[in-house]
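*Asks:* Generate the whole structure from the sequences, applying the supplied hints.
2 protein chains.
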Amino acid sequence: MFVEIITIGDELLIGQVVDTNSAWMGRELNKAGFEVIRVTSVRDREEEILEVVDSAMKRADIVLMTGGLGPTKDDITKYTLCKYFGTELVFSEMVFENIKRILANRITLNPLNQAQAMVPKDCTVINNPVGTASVSWFEKDNKVLVSMPGVPQEMKYSMSHEIIPRLSARFEMKAIVHKTYMVKNYPESALAIALTEWENQLPECIKLAYLPKSGIVRLRLTGRGDNEDQLKKMVLKEGSKLYEILGENVLDENDAPLEEIVGRMLKERGLTVSTAESCTGGNIAARITSVPGSSAYFKGSVVAYSNEVKKEILHVLDETLQKYGAVSEEVVKEMVLGVINSLKTDCAVAVSGITGPDGGTLDKPVGTVWVAAAYGKTILTAKQEVDFGRELNVERATNNALLLLQRLLK
Amino acid sequence: MFVEIITIGDELLIGQVVDTNSAWMGRELNKAGFEVIRVTSVRDREEEILEVVDSAMKRADIVLMTGGLGPTKDDITKYTLCKYFGTELVFSEMVFENIKRILANRITLNPLNQAQAMVPKDCTVINNPVGTASVSWFEKDNKVLVSMPGVPQEMKYSMSHEIIPRLSARFEMKAIVHKTYMVKNYPESALAIALTEWENQLPECIKLAYLPKSGIVRLRLTGRGDNEDQLKKMVLKEGSKLYEILGENVLDENDAPLEEIVGRMLKERGLTVSTAESCTGGNIAARITSVPGSSAYFKGSVVAYSNEVKKEILHVLDETLQKYGAVSEEVVKEMVLGVINSLKTDCAVAVSGITGPDGGTLDKPVGTVWVAAAYGKTILTAKQEVDFGRELNVERATNNALLLLQRLLK
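The listed protein sequences derive, respectively, from chains A and B.
Read in order, the letters of the first sequence correspond to residues 1088 to 1497 in our numbering.
Read in order, the letters of the second sequence correspond to residues 1088 to 1497 in our numbering.
What you were told as hints is all true, and nothing was included just to trick you.
Since copy identity is lost for identical chains, a pair holds within one copy or between any two.
Here are the computed lysine-lysine pairs in the PhoX-like style, where the Cα-Cα straight-line distance is at most 25 Å: (1) 1398 with 1431; (2) 1208 with 1145; (3) 1294 with 1165; (4) 1271 with 1187; (5) 1208 with 1227; (6) 1165 with 1230; (7) 1271 with 1160; (8) 1464 with 1497; (9) 1300 with 1165; (10) 1118 with 1266; (11) 1410 with 1470; (12) 1324 with 1160.
Just so you know, the hints here were simulated from the structure itself, not pulled from any lab data.
*Replies:* Following this line, the structure appears as structure tokens:
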């Protein structure tokens, strides 16, 4: 079953908003066995929306649209779909009740809110309990088009609770099995060389993709066929061969973020963790705590941007700072032990570096970052040296800190 | 000048990677006066790429493509473009030298790296000094198609240093002026009502867009025309009327992130700041330090996920925790004063809440978050009550903390 996604809104094309909806939708649809073949973002213009909808309906079995359902002038999706399907807007009591409930504690109802209760006549209207714009489900020539709000939490709610379950009931699908292996220490091309033989012997029904990101390559095996159990076995069998070829460099059999993998290791072993961060500025802690339930092993962090904080809260010695500078192996070692001491945790990671764009020296250019991880008295350190820009330098340092901790815990 | 963006890669459609490239490109192109009218993401399939390229070349003046230029089997963009433009691949000494330089310290050169030095014959090859895949610039029927790498830092480098300057030199464009106003305390529809009269009197050449995000609505005025200076004056004149209508709720005249606005205020007044975070887990600190130069005013943070850390590092009283619970106005007040004390800063923000999915009680359901900001002894607090999911709860708390601080500093 082929799906096309259409995201609508000038803000996407002018780049003021990143379209995170399609990736989320692609992921969830895939898990349910649907295949997204194209994503198109268009402006809030009637003729452009009509053209994109028409050609998507010709190629795909299912067209999912997000956006353009707000209460303001620039939101025209609803009107445009009425035109495309040759229908008109009618008042929906159900949608109006929902709007009143949603806005009850916030503002007085105005005519624009009421206009949101107008819905296309010839479609199935699906209530959206977490927002004021409703979902419209159209059918034509045995194909389905669904228009839903573009606000991510509303889209996610509608997809999970209504649209995917309804699509699964409506269509018959092939089984799909994914399995992702994370590989460290291999640039993409070197990995491809190492895996050539293995890749060539993969059965027809299994596809391989390389997904490199911040120093880690994810290898995704996708099996498609009729028998799910058999597919699973085949995919696992092929995947297990990776360990023979790559050994310890295969990090985990799940496509989980690093913070989740490390979190699981900490939880299983009943250990606690803290972070001492200079240039990552709290980013490692934010990543660790993005995992629900992380309070079971994460106690806290000290973000020590200034040297004063490094000295006073983390007890880094003034002498060490003077002698080696804040960005040094010696300082991150004292930081990591300092935070273990202050916050009384079993393990910790620490980072100090120059993420730029300013602050570099000849000796320590922008991009220089020292990372440490400690478990009890055992400390591992690593140094980053290439400048990828501030944001990416922070992301790589965060990943490297978590990778060091993962190595320590293994 | 109309631009279409085509992003290529199975990983985009299966949702394993979020396409952040197009938004960045849209933003930069817009600033330079180009208008992106469509973004299409397609799979690594020859026939699909050919179809998308062909129809984009019909609609737009410029087609910009990212992705599918890696060294592995699934990367077919280069071959497909040769087919489309009726040309062939030839060896480029310049590209090969660059590949050798890039990989010098990392891996031994292999055949796949060498294959990356093969480039389309009938195009201008632009060197990519930050990666191994080069940029190809094609011309046909007075239109331009550029194929560049999908790795964000490589795309950004090529766009900023080569592609946008070359496009600007190649085409003649209308002037474009953007101005964004951030409005707080107004849901989108209420704001639209308040602005109806003003919106209706806007001149033809000025367009308005509403961009709501996490409790703030950004109003973007876009002027298009021949005379840039005149456009600027017109846009500013219309914008200034917003202050008469909305008063203090207009936050800033720039489309800057909150952390940048607050950072600027702190810098101008020579004040320092710290954060004490429970449920935001370091996210406020990470946001503050995402701004280059933030070390001038940001000293550090204490992420106090556990009550122990709240007591020992932030000196929250055990009594207060017992009596009111960790998620309470009393506790965030003690946290914010505690971090000002410990880290010796002029101001601070503090957050404590239940972001979910678990941990809620009847009394304090998931989504309950207390936020505080202090400047010296003056403290402001606020409470969030609606659950938008873990990630968004954290984002809203971060915004609310920064908004409180902004109010204090004003």
